[in-house]
Amino acid sequence: MIELKDLSYVRLGASNLEDAESFATKCLGLQIGEETGKALYLRSDDRAHTLCYFEGDPSDQTVGFEVEDESKLNAAAATLDQLGHPVHAGTPSECALRKVKAFVGFKDPTGNQIELVVRPERSGKRYFATRDAGITGFSHVGLSTTDPARDERFWTQVCNARVSDRIGDIALMRVNAIHHTIALAPGRAAGIHHVNHQVESNDDVLRSYYHLSGQRVPIVFGPGRHPTSGARFLYFQGPDGMVFEYSVGVDEIEDEETHRPRQFGFEPSSLCMWGSKSARR
Amino acid sequence: MSTEAASSRIPLVQLCYVRLAVAEPQAAATFATDILGLQHVPNKLEPFLFRSDQRYHTLCLAAGVQRSSIGVEIAGDRELDAAAEAMAAGGFSLREATEQECGQRFVRRALIVEDATGNEIDLVLRPAQSGRRYFPSRDAGITGLQSVGLRSRAIENDLRLWTTILGAKVTDRVGEVTYLGIDQKHHRVVLYPSDKPGLVYVSYAVESMDAVMQNNYFVQERQIKVMHGPGREPTSGQIFVRFAGPEGHVFSYGFGLNDIGPGHRPRQFTAEASSLCEWGSECADIAELQPALTR
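Taken in sequence, the protein lines are chains C and B.
Position 44 of the first sequence, counted from 1, bears residue number 44 in the working numbering, the numbering being contiguous throughout.
Every position in the second sequence, counted from 1, becomes a number in the working numbering once 1000 is added.
Just so you know, the hints here were simulated from the structure itself, not pulled from any lab data.
Honestly, I wouldn't trust all of these hints.
[Unchecked claim] Computed cross-link-like contacts, SDA-like style, restricted to lysine to any residue with a CA-CA straight-line distance of at most 25 Å: (1) K1185(B) - A1271(B); (2) K1225(B) - S278(C); (3) K1225(B) - V217(C); (4) K1225(B) - R216(C); (5) K1185(B) - N202(C); (6) K107(C) - R162(C); (7) K1225(B) - F221(C); (8) K26(C) - E1282(B); (9) K26(C) - G1280(B).
Go ahead and model the full structure; you've got the sequences and the hints to work with.
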């Protein structure tokens, strides 16, 4: 079994790096860790980066997960290879671009680009946001799925993800105590559905609602509250159509042994208990 | 001796009710139950009476009255008499309510007072409680009548009535907007500088932030205009949403009104929108809620 320890980063191709930088600093509020001219490394917590925009195709989107060490990484590569997922071992220069010691890349059954990484870099300098959005860190991703049941099996049987709750057939899965680290979202093709950052308080979610509205950033869902995780949320759209989420108050699964996934109906009130409606799709 | 004992007590007990002047009470009543979620109180005296908590009523839709008024409970007869004397001496007009007026207000005795602006305030004794528990018309999460915003065009004299005579405490100010406390809560009455008398809003407390936000989407789905919020007052800490009611009246749901400690000193906040809402909501249509305009 491939044991995912944590989320590490998201890598997004940007059609225009300047637009991406402007959004990331003025709207999202992340800190620039490094700028190379071809790539923009953004921090959201004490890690050296959790989001990287690189000059490239916006459909080129990758999620990185940390695994324990290189031997676990090699074992994971062998497992994936056996299951018929072609595995790419990162070259030293590719590792340097990701600020990790080693990684392997593969595609999940839907075709989402996933990387398993070892020793992602932390920064000695504390995180200092470009605007007061109250971000406390990069927390989870929504991954598109063309077959929710198949992808749930992949993440829970090949990897160590556990289902916390389901909305219809859509699984919200955790890899640690946090209610979910991977949220599957039905879609026609592979891709990242949304990128979540946690914020400090309810106030931050609502402050950003007004701040981003004032910046003419499209609000696509919320402010609202998920009845599954309990989190208060706001979804909004960044460059190249990527959706970002702020949330606060996500539950922790306290008893790993006895937790049973709850089933929610596939209806709007399962996504927002306050009554906000998603503008997507 | 007895007057001394009376004057040393804070005479104000609680905000009891709002009597809202309406021209079409039936339409307003539908709003009170279907939107606000209050419980109608069938009785022989007032056809449009509503509950929000353990009290017999907190809202009366009064057809055919000239202006809206609020009811405030006074501790006892002695305090009421002392207040009446002080108000008369201070130049405020007041009269004893008739038996019929007391009946319509569900109180044992009332003084009907006019503040310096021209707002009508009932100072009442022994407002009625209900033996039956409150059962709302819809799940709005209301826990009770919480506060009112009053327009003031003579803020100094209005404050003299509320503080010097009635014993309310100024808890905070935003520009000249003045928050008044009469119990452990940050405020029950807020005076907003204006050029006319009247209520700015009537606020009902709800049980959670969830309830405020659910009500926010509930009213929006019914094409009811949200006038201010969802927002949060940096002064009182309460999360609020204010929305348009019938005939130009404004209602509000609030959650998280802070308690005031004994050592609290009134703070002065700058006259700007962020002093009325720290989240960043702005009020476009009510001049009194635009502190930059009212100074």
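These are the hints, each one checked on the structure:
Restraint check for K1185(B) and A1271(B): the C-alpha separation of about 23 Å stays at or below 25 Å, so the hint holds. A C-alpha spacing of about 20 Å is found between K1225(B) and S278(C), which places the hinted pair at or below 25 Å, so the restraint holds. With a CA separation close to 23 Å, the supplied pair K1225(B) and V217(C) stays within the 25 Å bound. Taking the CA atoms of K1225(B) and R216(C), the gap is near 21 Å; set against the 25 Å cutoff, the hint holds.
Between K1185(B) and N202(C) the CA atoms are separated by roughly 22 Å; this keeps the pair inside 25 Å, and the hint holds. Taking the CA atoms of K107(C) and R162(C), the gap is about 20 Å. The hint holds against a cut of 25 Å. Restraint check for K1225(B) and F221(C): satisfied, since their Cα atoms lie roughly 20 Å apart, inside the 25 Å limit. A distance of roughly 21 Å separates the Cα atoms of K26(C) and E1282(B); the hinted pair therefore holds under the 25 Å criterion.
Among the hinted pairs, K26(C) with G1280(B) is consistent with the structure: their alpha-carbon atoms are about 17 Å apart, no more than 25 Å.
Of the numbered hints stated above, none is contradicted by the structure.
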